[in-house]
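Residue numbers (our numbering), protein chains in the order written: chain A, 1 to 225; chain B, 1 to 261; chain C, 1 to 358.
Calculated from the structure, these hints are not laboratory results.
Careful: at least some of the hints might be erroneous.
[Said to hold, decoys possible] DMTMM-like, lysine to aspartate or glutamate: derived pairs with alpha carbons at most 20 angstroms apart: (1) B:K227 with A:E80; (2) C:K351 with C:D259; (3) B:K227 with B:D89; (4) B:K227 with A:E84; (5) B:K227 with B:E95; (6) C:K22 with C:E214.
Predicted, not measured: the structure shown is a model, and the values here were computed from it.
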Amino acid sequence: MSAEELRIVLFTVEMAALATALILVPGVAAAFLLARYRGPGKGALDTALSLPLVLPPTVVGFFLLELLGRNRPVGGWLAERGIEIVFTWKAVVLATAVMAFPLLVRSARTAFEEVDPRLVGLARTLGAGPVAAFFRVALPLAWRGVLAGVVLAFSRALGEFGATILVAGNIPGRTQTLALAIFHDVQIGRDDRAVGLAAVTVGLAFVALWTTEWIVRRRVRRDEQ
Amino acid sequence: MPTLWLATGLASTTLVAALAHPLPAAADRRPELLVFAAASLTDALGEIGAGFEARTGMRVLFSFAGSNALARQIQAGAPADVFVSANLDRMDELEKGGLVRPQDRVDLLSNRLAVVVAACSKLAMSRPQDLERAHRLALGDPEAVPAGIYARRWLEAVGLWGVLRERVVPTLDVRAALAAVESGAADVGIVYRTDAMTSRRVRVTLEVPPDEAPPIVYPAAVLASSKTSEAREFLDYLQSAEARAVFTRLGFEPLDETQAR
Amino acid sequence: MTTPLVEIDLSLDLAAFELRVKTQLASGVTAVMGPSGAGKTSLLEAIAGLRRRTRGRLAIGGEALLDQARGIALPPERRRVGYVPQDAGLFPHLSVLDNVRFGARADATAVEAAIDTLEIRPLVGRVPRSLSGGERQRVALARALATRPRLLLLDEPLAALDPGLRERILPWLLRVRDAWALPCLYVTHNVGEALAVASHLVVLQDGRVEAEGEPRSLLSAPAVVGEAEAGIENLLPGRVVAHDTAGGITRVRTNTGSDVSITLAVDRPVGAAVTLAVRSEDVLVCAALVEGLSARNVYPARVAALERTGPDVVVRGVLENGGGELLARVTPAAVAALDLAPERKVWLAMKSHSIRIV
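Could you build all of it, start to finish, from the sequences and the hints given here?
Structure representation (structure tokens):
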């Protein structure tokens, strides 16, 4: 692998990790609240949060661009304060984060739904506040699903393309991730490099998923003893 | 519990490792210049950029794509310093939008269109009408990509567009059209003469005479939003004898100051 | 009833009806009975603070945990109310010790005391999954006690256990009641349990307090007991007077002066106070004194009342010489065959084996 290719790989992993870190807290919180919330509008809220899962990524990218473009309200406001997002690495993080968010939420929410809500209530009667009850009971009981969601989100972030290319462009050295580089290489007929980068992508996804499997399997074995 | 700690540890190690690796903006300590340029300039600007880097100690990053896509990104706020377009329309749009100041732009180059086929292809064309033998014709998107728009105007001028438009394979930029012919995805393509010269896997079967096609002009400009003072220096360097020698060698026709608007 | 420690005046909308309970608890155990769906568990959850839409007032020792009028509604973690649900609700990811130590307020002394009271020290290293039902209940009880609660809520702590196990867990409950001197709400379906542990009884029906009072008097009214879905039991408090090891019997003199023979129970020393329980269907009604009956305990009595409960008839017999009351459940056919009617003289018989010590 050339230095340039290595840089693309590192950059991609870094962007995916940042995106995952960015959605970790809000994603797990949203998952927990969705699992517990029973009030009106639950269905609509569920659906809205899952939309990026089914929308064409280009639609998500388009919305983000409309929101954050320099001559758009939010983007303009940020630009006046010297914060540039579109077509920078921040846009890569943002686009991949938005696309990965529902995967984390879905997986974590299912895990939280499987936790008996009465156990959380019991923790409260034993003196744990809502936050402590979450960290001492709900999260430890749901962590497998949460971890699976984190890895899924990370893997999705590694491979995000459609939203990223619209909001972040395909600027080598600035915003070019593996998926974008592969696209570009195929476009200009640089197939040999595309093959190498594709292989790396497959490898990364495999390692991420296999790691989760391994941790979960270990856990199950230990529980069965 | 140990497993939980292990998992947490693993996750945080990954995160810390990722964060510790310097962000791309800081990966190289040299000051950076971001140049958006038409895909057809990939080879020429790559070489000229290296020359500029050696001379100034700066780092020049290029984003090569269809001029239309790059202009769109600039309008949305892409932080480019210099833009080299393959047609005047896109640059005019930016100027109208206040993103380029008139005094910061120059007309840099001219180019010619060429009809290409795969190097091993038996297709031979001596006049435009021979294009009717093409099954699939790769063009930069004739709605948006400059090379495609030039090609369409030429085909319209010679009265072939009506026949050929159904066989067009539109691509995102001119280099993708070239790649489509290289890979055999299309049997014929219309690209710039300079693109054809970069590839050993295609051959030019018909050069489009300059008088049949609309004039091709590559304007270059420093963007108004650029905060890099060296952007102007780069624009000047593009017009230097050193750069003109590279352009000429690769088949471009540098425009004289007198020819500039 | 002594000074009220716990004031309850709560209402809560449930799916089928409104739960509306107003009562006061003294220290000691208050049993809560009533048919399934009467709102018993909801009442406990409302008191624990787990039902956010609860209205009204709840105070322990004069301190309000909930006072809608004054805008007070303490979250569960600040109520200091210990709650043991029916299935124990142990945290599956924590060891027994970590479960008991879970409470934020749990100090080492309270943890140790709870572990000792419920004798779960041999279990502390185990995980809940590996415990038996009775062990789980003991751990859950210890976990609640370790937080030094001001009120203990027990939701059918014995219901999930088989009858044999019940009798082995009951002593732990009595021990907690006596050693920790806590006011305690004890939901149960079982009259024997209620009588064994409770000094006060609240009967719930469709979310309302249907009856309230001293358990023994309340539970001998078959109407109430019938609604409580429980088998009617006779409870006979008394003292052990002798053991006949060779004969395999222990003799108990009830507080009303009757002698009762039960199967040998040498673990209860002579003089020890015991409460005997006999299910009403295990009491035989005889129209005449039968000679040569294997039943050891035969008492002349007078029929005081006949009450229809479901398909059966409960015969209320008053023993002669002030020997107290016994309830016998018989079929309407038996009533006809024996020509049972108020004031009729009968003999009531109980086999030693059908009498339990509660």
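For each hint, the structure was consulted:
1. B:K227 with A:E80: Holds. K227 (chain B) to E80 (chain A) sits at ~14 angstroms (cutoff 20 angstroms).
2. C:K351 with C:D259: The given pair, whose Cα atoms are some 13 angstroms apart, holds under the 20 angstroms limit.
3. B:K227 with B:D89: The given pair, whose Cα atoms are some 25 angstroms apart, is violated under the 20 angstroms limit.
4. B:K227 with A:E84: holds, 13 angstroms
5. B:K227 with B:E95: holds, 18 angstroms
6. C:K22 with C:E214: holds, 17 angstroms
In this structure, the one hint that does not hold is number 3.
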